[in-house]
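Protein chains in written order, with my numbering: chain H, 426 to 773; chain Y, 426 to 773; chain G, 426 to 773; chain D, 426 to 773.
Check each hint, because a few of them may be wrong.
As the list claims (entries may be wrong) - Taking lysine-lysine pairs in the DSSO-like style, the calculated list, with each CA pair at most 30 Å apart, reads:
1) K440/G to K440/D
2) K471/Y to K440/Y
3) K771/H to K729/H
4) K440/G to K468/G
5) K440/D to K468/D
6) K471/D to K440/D
7) K533/D to K533/Y
8) K440/G to K471/G
9) K533/G to K533/H
10) K468/H to K440/H
11) K771/Y to K729/Y
12) K440/H to K440/Y
Unchecked claim - Coverage of chain H stretches by chain Y, computed from C-beta distances (three or more under 8 Å per stretch; other residues unrestricted):
13) 452-460
14) 525-537
15) 563-569
16) 608-615
17) 629-638
Simulated from the structure, these hints should not be mistaken for laboratory data.
Ideal Cβ positions, reconstructed from N, Cα and C, are used throughout, including at glycine.
There are 4 protein chains.
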Amino acid sequence: MIYFNNDYSEGCHEKVLEALTRTNLVQTPGYGEDEYCARAAEKIRKLCGREDVAVHFLVGGTQANLTVIDAALRPHQGALCAVTGHINGHETGAVEATGHKVLPLPGKSGKISAEQVRSYVLAHRADSSFEHMVQPKLVYISSPSELGTLYSLAELEELSQACRELGLYLFLDGARLGYGLASGENDVTLQDLARLCDVFYIGGTKVGALFGEAVVISNPAIGEDFRYLIKQHGGMLAKGRLLGVQFDALMTDNLYVTIAAHAVALADRIRETLDELEIPYLVPGSTNQIFPILPDSVLEELAKEYVFCEQERVDDTHRAVRFCTSWATREENVDRLCQSLREIAKIR
Amino acid sequence: MIYFNNDYSEGCHEKVLEALTRTNLVQTPGYGEDEYCARAAEKIRKLCGREDVAVHFLVGGTQANLTVIDAALRPHQGALCAVTGHINGHETGAVEATGHKVLPLPGKSGKISAEQVRSYVLAHRADSSFEHMVQPKLVYISSPSELGTLYSLAELEELSQACRELGLYLFLDGARLGYGLASGENDVTLQDLARLCDVFYIGGTKVGALFGEAVVISNPAIGEDFRYLIKQHGGMLAKGRLLGVQFDALMTDNLYVTIAAHAVALADRIRETLDELEIPYLVPGSTNQIFPILPDSVLEELAKEYVFCEQERVDDTHRAVRFCTSWATREENVDRLCQSLREIAKIR
Amino acid sequence: MIYFNNDYSEGCHEKVLEALTRTNLVQTPGYGEDEYCARAAEKIRKLCGREDVAVHFLVGGTQANLTVIDAALRPHQGALCAVTGHINGHETGAVEATGHKVLPLPGKSGKISAEQVRSYVLAHRADSSFEHMVQPKLVYISSPSELGTLYSLAELEELSQACRELGLYLFLDGARLGYGLASGENDVTLQDLARLCDVFYIGGTKVGALFGEAVVISNPAIGEDFRYLIKQHGGMLAKGRLLGVQFDALMTDNLYVTIAAHAVALADRIRETLDELEIPYLVPGSTNQIFPILPDSVLEELAKEYVFCEQERVDDTHRAVRFCTSWATREENVDRLCQSLREIAKIR
Amino acid sequence: MIYFNNDYSEGCHEKVLEALTRTNLVQTPGYGEDEYCARAAEKIRKLCGREDVAVHFLVGGTQANLTVIDAALRPHQGALCAVTGHINGHETGAVEATGHKVLPLPGKSGKISAEQVRSYVLAHRADSSFEHMVQPKLVYISSPSELGTLYSLAELEELSQACRELGLYLFLDGARLGYGLASGENDVTLQDLARLCDVFYIGGTKVGALFGEAVVISNPAIGEDFRYLIKQHGGMLAKGRLLGVQFDALMTDNLYVTIAAHAVALADRIRETLDELEIPYLVPGSTNQIFPILPDSVLEELAKEYVFCEQERVDDTHRAVRFCTSWATREENVDRLCQSLREIAKIR
């Protein structure tokens, strides 16, 4: 079987593994207070073009989301997000477990707009019983989103502007950020994110690391005492250096974006084949995730050789599914998939 | 500088690293549903002599503690532990953050007794305003304890018996379990733990792994839906296989205990030197942690070459400190430390 | 100004006040362990036709909702409810503050169906990543609902049946239960509720008491140690007897339903006028809440003399509003409102 | 039986009842936004000598404690208090249920000192692993304390000074504040409390009201959005006016202190008898609580006629118990108790 079901089926990129191996027996202080973490953080601050952002390394995405949101909010406040947002549907209520309601907005291809945020917040404030409702205080977005779509620079500028006007925090979940930065459609840089978001993270788990997310905090109100919160939520690795070593490797010589570009190029190749075969998409895309709508019969045939993800049933005879490439995807496997698609489409 | 301050200064044992390297590009399902986790769990079940225990792999100790306790308790219930217990003092209120009070008992060298538990619980039940107090429902112990001491089989039998009589759960934190199993004074086996505890864990982070704790659940009341709770608390690694691969290596050919025995042997050598020099201890010990009480002047001298942990001030001129050995400690460094101790003691 | 905006604008019914006054200086034990509470609970058990239900008195609705739900659920579990459910939108995230996600279903006039519950739960269980989602474990309904509608006996039987099949709890919020029992369309008794729900409550705050809700627990799994949970959530009144005295009065000689019937009769009179004037409703109703859709100009006129609630804008020139009657509503005020409606409608 | 076991055995003072009766059918807005609450708050602000404090009315003490502490703290922060503090031992972990650890200090007759606070906080900050421990951020004291003792003005000044220097909040639980203000030893005014505390409350439940505590917030950092938090924790009474009406009555013509003085005078009379009989105290006192140490045989005899509280066993033949007077205590009952004490003492 060839796996296209996600972007975390393998371990880590060889350069990351090499760095872990090389440093394995070096003695360092624990809990992320080592020189590898310091160096990786410094590289990220440089890439963000700001010396004043705080950088913390966390083990995974759910951990990062719940820790950031818990650090940012007072008890009566909640997080606005798209109904498809990872915190709303795929983290077993991790945010609610810290006491905060997730306030879902109808998404458009996995994204929400400044207009939606503004209108929700103003309606809340205008309601005479506003104190009986959770106060919206943070906007959570993911880019690439759970549906593989990207926020443009213009969209982020507008969201950021709305949040600042309204006194809300903007938090960008970048679990797949590398694949966004590498997309042909992307016009956003790390500098933009550090400027426009109050907090965001650079995902390592899905982009070349064994695990790990680098949380970048521009707004000191969220960053205050942040390490206490990491520890409290069980996210502080005794051997924190593992995160530093990995991000140090990924942030060296543009490795992070280079390996993501590999995944995007292969995804583009699959998209070309699907376009050629005039296969429609659930959502258009330009990153490493592809959501074609295919007849059940074709999917049944493909499932004999390939592993992919079920997304949703579209009609009685068609389902949308997800194919993912990654930094580890092998070119010959993509060629074979494209070949299979053409053959099965022919028979159909 | 030579580090004796803790047992997590290095990465992982070479066999663990080798296993991670060898399997790095193998494709597996995510979230711990891979064959490595299955195999490691199977080995642990065998070592526990029970096919009916559930085994889950978590990233770290605080994560394991908070997830287990949250899974076990209803909202009004709390966890009894020694005042020195890790959950009471060194996890930034992680248990309280899940809503549960930690109920500290005065410890004796880091340990609590069946008698203390019984007397606390019976007093609670006899109090006319019992409903105004947190209900004790779980006993948390650590062995080796935070002070390096071990529970004997007899002590565990009594605690287990008391818990069963009273309807409480017994939870053993085995963050340093290997060093306990390898101690010359130990008379407890994994089978005993699986039989006497409702839940315990086998610590990897401090005993040869990069990170990871294997939680063993004997009582199905705690284990029900446990994976939901892992996910909710941000402890479910996308590449869960990393935990499986590491524990598979550690549980093969007795590696886990063998490497711990190395640490204990070296600690014994330090203890012999201290005994020779007639240096007293804060707490007697037989595992990889040593708590000598030394004059400030000696500690000042030692601090020039060695890193160790401050434990507590004993009097105006003496402090108790902690020296740790580990699976990674080098024999020549221990020899050098012993030599230094003798020399400094001589001058004094 | 005449208040039709809610059913809690006054204090309490004269017989309740008389009972409070009469017992004011009697000495009793605190925290609800007095004879008034015992007697009121006994009367409720009789009315429910079951000696084995537990009855607890809580101060208010939000308190009752959060305490019951927190008592019923393990950390990873959530509560299904209509999107209009009080716990979803009007309790400032009180349920989430106890760590549990509210899982909203699209409502139909404020109600949800057995079919919706069954389909949600089965979809959850069939999803391959079910552990990444909150587990549905309790169904929260309110009857009368937030939109004044009632569950019929048949609907409750079906919901109850679905919950039992699926292993979920059924919880009915009866904040306005009296007005439901008094409705001409009602076919449900307290016995039915005790039989079909795992837990429900009889609302006093809106039906004649100064404050207070009587929680009736049929399922011992929810009721275990319930008083600890009341205390923990700050809901245990030192002078718990106040709740006992009030419910004792309300449950004597059918007072509870009699005074609710007064409110419903007056609401019916308003509905007759609205029907006569061919004014449409947002939601049809038979209890003490009425949701007419009226032109902005009419509402502007009415607002000069009457206080009512804004519900929602229907189109550019019409809004739905809420008029409430209560046990305290005076007949002449209803007559005057009907008169005003006729006059304003005429001019329009 | 004559009840001396607590100060909440009766309903409310006749003037409070009269006010409730008189206003019973007046229509008001809900949730504390009525004129009675406004007026009572205004009176309290006047008594505090400050127009800029916020006043909120909550139903009970546990509710007040958990809401204030949750409003004040970020997730990693905890509340210092005496080990005997109500939040530590008698609220079923209500503070922990909001996620915050209670940090107990050894008390001296129920009180803690500025010195203890300063030393705890400085030790926390000096510890190299401070991020692994809960951050102390609020000091909770009660005056009168759970043992009936009072903080002097000098003690409060010092605590306040220490808190300000260290950046901590000072929170005074005044559940029995009236009995403190009425004590012969008291040298503290409401103005002092408003000046020295960040937040405190004036207890009504135990001093003449049916229920209710008036929370006074001097520090806007705690008060921001406070009503959201009241609602979220289930503490917002629909008929909030009940609290306003009661506190309006209590704050009129010094009623609050006058009725408390009655209780203190009667307690003084009991103390005189005990002194006369040379009976020792667990803790000396000057408010409405008395903690004599008596032989078991005497207590057995007294228990035939009087209800009192068990406090603790002192030795094999003696127990400390608690006698409480209140605004409602009848003079003849006190005389009878004194008489009984003298008689039983004689026989002994």
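The hints, checked one at a time:
1. K440/G to K440/D: holds (20 Å)
2. K471/Y to K440/Y: holds (21 Å)
3. K771/H to K729/H: Holds, because 17 Å separates the two Cα atoms, which is no more than 30 Å.
4. K440/G to K468/G: It holds: about 17 Å lies between the C-alpha atoms, which stays within 30 Å.
5. K440/D to K468/D: holds (17 Å)
6. K471/D to K440/D: Given pair K471/D, K440/D holds - Cα atoms ~21 Å apart, limit 30 Å.
7. K533/D to K533/Y: holds (25 Å)
8. K440/G to K471/G: holds (21 Å)
9. K533/G to K533/H: Cα-Cα ~25 Å, so holds.
10. K468/H to K440/H: Distance of about 17 Å is within 30 Å: holds.
11. K771/Y to K729/Y: Judged against 30 Å, a Cα distance of about 17 Å means the pair holds.
12. K440/H to K440/Y: It holds: about 20 Å lies between the C-alpha atoms, which stays within 30 Å.
13. 452-460: holds (count 4)
14. 525-537: Since three or more residues must qualify, the claim that chain Y covers the stretch 525-537 of chain H is violated, with 0 doing so at under 8 Å.
15. 563-569: As far as the stretch 563-569 of chain H goes, the hint is violated, because 0 residues have Cβ atoms under 8 Å from chain Y.
16. 608-615: violated (count 0)
17. 629-638: holds (count 4)
Checked against the numbered hints listed earlier, the structure breaks hints 14, 15, 16; every other hint is satisfied.
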